[in-house]
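*Asks:* Sequence:
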Amino acid sequence: MAKMKTNSILYSFFVFCFVLIGCTEQKMTVLELTDDKITIVLGESYQLNPQVTPEGAQIMYSSDNPSVASVDENGLITANSIGNANVTVTANEASVSCEVDVIGQPAEQISLNITDVRLLIGDTVRLTALVMPEDTYNKVIEWDSDNASVAEVDESGLVTAVSVGNAVITASVDDVQAECTVKVVEVPAVGDYYYADGTYSSALYASKDIIGIVFYVNEDQMSGKIVEMGEASLVWGEPGIELDNYNRYDGKGNTDNIIKYISDNDAWDNFPAFRYIDSLDMGGLDWYLPSTVELKQIYCAMSGVKWVPENAQEGECNDWEDLNTAILTGAEYVKNRETFNARITDVGGVALNVRGYSYFASTSMENDRENIWQIMFHSGAGYNMVRSGTNRVRGIAEF
Numbered sequence: 450m451a452k453m454k455t456n457s458i459l460y461s462f463f464v465f466c467f468v469l470i471g472c473t474e475q476k477m478t479v480l481e482l483t484d485d486k487i488t489i490v491l492g493e494s495y496q497l498n499p500q501v502t503p504e505g506a507q508i509m510y511s512s513d514n515p516s517v518a519s520v521d522e523n524g525l526i527t528a529n530s531i532g533n534a535n536v537t538v539t540a541n542e543a544s545v546s547c548e549v550d551v552i553g554q555p556a557e558q559i560s561l562n563i564t565d566v567r568l569l570i571g572d573t574v575r576l577t578a579l580v581m582p583e584d585t586y587n588k589v590i591e592w593d594s595d596n597a598s599v600a601e602v603d604e605s606g607l608v609t610a611v612s613v614g615n616a617v618i619t620a621s622v623d624d625v626q627a628e629c630t631v632k633v634v635e636v637p638a639v640g641d642y643y644y645a646d647g648t649y650s651s652a653l654y655a656s657k658d659i660i661g662i663v664f665y666v667n668e669d670q671m672s673g674k675i676v677e678m679g680e681a682s683l684v685w686g687e688p689g690i691e692l693d694n695y696n697r698y699d700g701k702g703n704t705d706n707i708i709k710y711i712s713d714n715d716a717w718d719n720f721p722a723f724r725y726i727d728s729l730d731m732g733g734l735d736w737y738l739p740s741t742v743e744l745k746q747i748y749c750a751m752s753g754v755k756w757v758p759e760n761a762q763e764g765e766c767n768d769w770e771d772l773n774t775a776i777l778t779g780a781e782y783v784k785n786r787e788t789f790n791a792r793i794t795d796v797g798g799v800a801l802n803v804r805g806y807s808y809f810a811s812t813s814m815e816n817d818r819e820n821i822w823q824i825m826f827h828s829g830a831g832y833n834m835v836r837s838g839t840n841r842v843r844g845i846a847e848f
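Numbering (the working numbering), first residue to last: 450 to 848.
Mixed in with the good hints, there may be bad ones.
[What the hints assert, rightly or not] The calculated DSS-like cross-link candidates involving lysine-lysine, where the alpha carbons are at most 27 angstroms apart (straight line), are:
hint, residue 1, residue 2
1, LYS588, LYS486
2, LYS784, LYS755
3, LYS632, LYS657
[Unchecked claim] Per label pair, the in silico range of CB-to-CB distance:
hint, residue 1, residue 2, range
4, GLY679, TRP717, 34 to 42 angstroms
5, ALA761, ALA638, 13 to 21 angstroms
6, GLN626, PRO758, 41 to 49 angstroms
7, ASP603, GLU815, 50 to 58 angstroms
In case anyone wonders, no lab produced these hints; they're calculated from the structure.
Predicted model, so just to flag it, every value in this text is computed and none were measured.
A virtual CB, placed ideally from N, CA and C, is assigned to each residue, including glycine.
Starting from the given sequences, assemble the full structure and let the hints guide the process.
*Replies:* In structure tokens form, the structure reads like this:
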């Protein structure tokens, strides 16, 4: 009997110990963090969302560099200054870390001082880039050319024209870009053929569409004026209407003013010459009826003489009296006009008339709005004609 009682007591003791041990054993804490490395823009915040097992375990947060990135009791990280910090997440004996990289404001926009430029071979131009916003952390511009054989660019944005053609210069900051289109051209010359693609040449490129011939080159040696290859014989326009077209130099301004009146009053049928000019659609250029002086520029170009604004020297000419004043009538000038016209007719164009007929200007006589100036291309002499008269009309354009 005593032995059985002893065994019962021992059995109860072992059961009690087993239950006691089972009740006091703790499960291991498991802590997981989705992002172990994050990047935050200065002034912004990021919420950590750690996963902990078993649920309900207390989570603690700390930063080893709170001046760069601080963290509150809920795991919200705030970017305080540019730099690096490590945020540690702790739950019981478990611990994980998150590396925080605080950066400045990223670039949103780049503006270039030049977005479209024409250069001669050997010319240079400096591109400058403005990166926005002002507090962008990275303002280091990377420059690149898509056609370095035409235009090169160095690390400072200096573009150098190498050969004739087109190139696009790109300024980049991270994923933000801005572009400048560079067109490298040869120096145009009077008598060059001008093509629909915006190029020109002395020699004929038969594969290209000729839309004009150069008669004037500006001082920049990259731009000028062309006269179309064809022409028309038309009435200038309706008499008795006040038009702002008295400028002797600015044919574009005269034409724009006249066409505005025509458009505003639906008077196209009353101004055949300008209906013709407005119909010209070649090379993306803005064609217009030349002024009195621009007709003289054509005449000088045909005659092999350079037009200058003033103080003409040997081989040059400048403005002369409009009414009935003949110049450049010698045999050498006649020969030059024939040569100029041959370049036009050789490619199927209509020769500029040098047989005693004249061409309408867009310019009215200052003291008589009903009369329009005209210039004869066999003598350079100017005369006037009533608006309702018929004469030759030939468009010009700036390039």
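*Asks:* Please flag the earlier hints that this structure goes against, numbers listed from lowest up.
*Replies:* Hint 4 is the one this structure does not satisfy, whereas the remaining hints hold.
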